[in-house]
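Chains A and B, in that order, give the protein sequences. First residue of the first sequence: 1, per UniProt numbering; consecutive thereafter. First residue of the second sequence: 1, per UniProt numbering; consecutive thereafter.
No wet-lab data here; the hints were simulated from the structure. Any given hint might turn out to be false.
Only pairs whose alpha carbons sit at most 20 Å apart, straight line, appear in this in silico EDC-like list of lysine to aspartate or glutamate [unchecked claim]: (1) LYS126/A - GLU11/B; (2) LYS189/B - ASP179/B; (3) LYS233/A - ASP301/A; (4) LYS126/A - ASP179/B.
Source: prediction; values computed, not measured.
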Amino acid sequence: MRNYIIKRLLLLVPIILIVAVIAFFITNLMPGDPVRVILGNMATESEVARLEQSLGLDQPLIMRFFRWLANIIKGDFGESLYLNAPVSEVLFERLRPTLFIAVMAEVMGITSGLLLGILAAVNHRKVLDQFSITLSLFGISIPSFWLALMLMFVFSVNLGWFPVSGYEPFTEAGFGSFRYLILPAVTLAFMQAGLIARMTRSAMLDTLKQDYIRTAKSKGLSRKIIVFKHALKNSMLPVITVIGHNFAVLLGGTWIVETIFVIPGTGFMAINAIMRRDIPVIQASIIFVAVIYVIINLFVDLSYAFLNPKIRYH
Amino acid sequence: MLFLKKYKKYEHPYITTSIIILILLAFLSLFAPVLTDYNPVRNDARNRLQAPSREHLLGTDQFGRDVFTRILYGIRTSMGVGLAVVILTVIFGGVVGIAAGYYPQLDKIVMRILDAMMAFPGIIIAISLAAIWGAGKLNIILALSFAYFPKMARIVRSAVISIKDLDYVDSARAVGAKDSRIIFKYILKNSASPIMVQATFNFALAILDEAALSFLGVGIMPPAPSLGAMVTDARTYMVVAPWLILAPGIMIVLAVLSLNLLGDGLRDLLDPHLKNTLKNREVKK
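Based on the sequences and whatever the hints tell you, model everything.
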């Protein structure tokens, strides 16, 4: 197991390096000269040259890449072109609402997804199964931006249960700040639940066919024990993989729901940065998302190896 | 074709249902100019925000444009973008996946790059690329294909690896078949099923993501009709004219839902290992 962990950690290095290369070159190919955007139309050539020099934009791309890489390894993502603050600081400040939304969505998604999936498998080919299939199919087919607006329309505009948009920081409003985050989280949870329910159902159906389940049944164990103790544990492996892989969908979703509900998290910041060509912020946001995804999937793979000894020795 | 050989109309209700809906959507989008007399982009200031009526089946928007007409042309855009993305994804993913799967020297490096690319959520890659290249139909097609092809490449690669060492491929090699012949005649033909299933899901995803990009303003540019951009416009009038936001949303759901259903059905039909996703007759309780 230790060798496996070390091997997986070493594999992170090239992946994160390639992630950095992609993030750097994507953002540096963006049209629109940030220097001219900052200075406006009236700037003289010498002013432009001076700012370019102070931002280091006058050097060749490949030199800039290595300097930039050296800096981000030290945790320095540069200065935001608009917010007049170091990017790492800005990112850190905006982390909390995004994290809350992601965690809430994942918890809701996993709970309801597992529940729906198990119910479907246990009631295979009955009404409850059909209901669960349909619901999870809707879960993966409804565009999150539209669902967000529908939820906003029903629960905020008509029923007035939640604020329409905006956010109060946790430090000021305490748990009141969660009122702003519930609808965004529910929006994202819907798709996660759909994905997880589908995988749980098929994994569970697979497991229920196994010989050892028949043995357990013939031993006279109750259905509850067979389902929850014997079958569920073995069905969890593919489900955990699905949760890991779809974490990227969840993170991408935060960009959209934060924009719709005007929540000042990292996703809202990233979309604004893209619209304003605030390159250091875009780079940091892209790398942030990719690194979180890679780390989550590292944990997924490790837990997989932990649960399934076959992988450890491979 | 394998698919047609195995398919029986009444035994596969998921495939049948989804194909009927998809044919209907294709019909609506192809014959949009015949089905409606209105122009999808011409404004009509006298008829702003009309509720659904006999003249305007789904009402009109804030510029007095007929919503039904814009929906028809919107599906056309969605389907067109989705189809183009699927074709490009299969081509890119196929080439890269075959290269990695068939030539072990390439495998490690290609897989690392694909791993890194898959660390970016597809929608985020697409937003960034669309922002670089500028909004517009061609650019979002390229951006989405770029975002999706790594996964397709991985699927093709594992199909190629599972086939290339089978006896019949070995014997083809033994009688002197060239690499190109082995790849096209033996390997590609037999890895068609997972590619088809993934392509169907990619089609659904492309429609969802095109709508999301257009919604965010980096996709199809107004006044060209796109279901996503229609939702953006409708936001402001959500309270006074709810039909504006309901119609495009329901249309997206319908298209994506039927494609996902088709993907599920095809997977059950073509892939014996995954047969239990939708139907499973052997489970006894």
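Here is how each hint holds up against the structure:
1. LYS126/A - GLU11/B: 17 Å, holds
2. LYS189/B - ASP179/B: 14 Å, holds
3. LYS233/A - ASP301/A: The given pair, whose Cα atoms are some 16 Å apart, holds under the 20 Å limit.
4. LYS126/A - ASP179/B: 50 Å, violated
Going through the hint list in order, the structure does not satisfy hint 4, though it satisfies all others.
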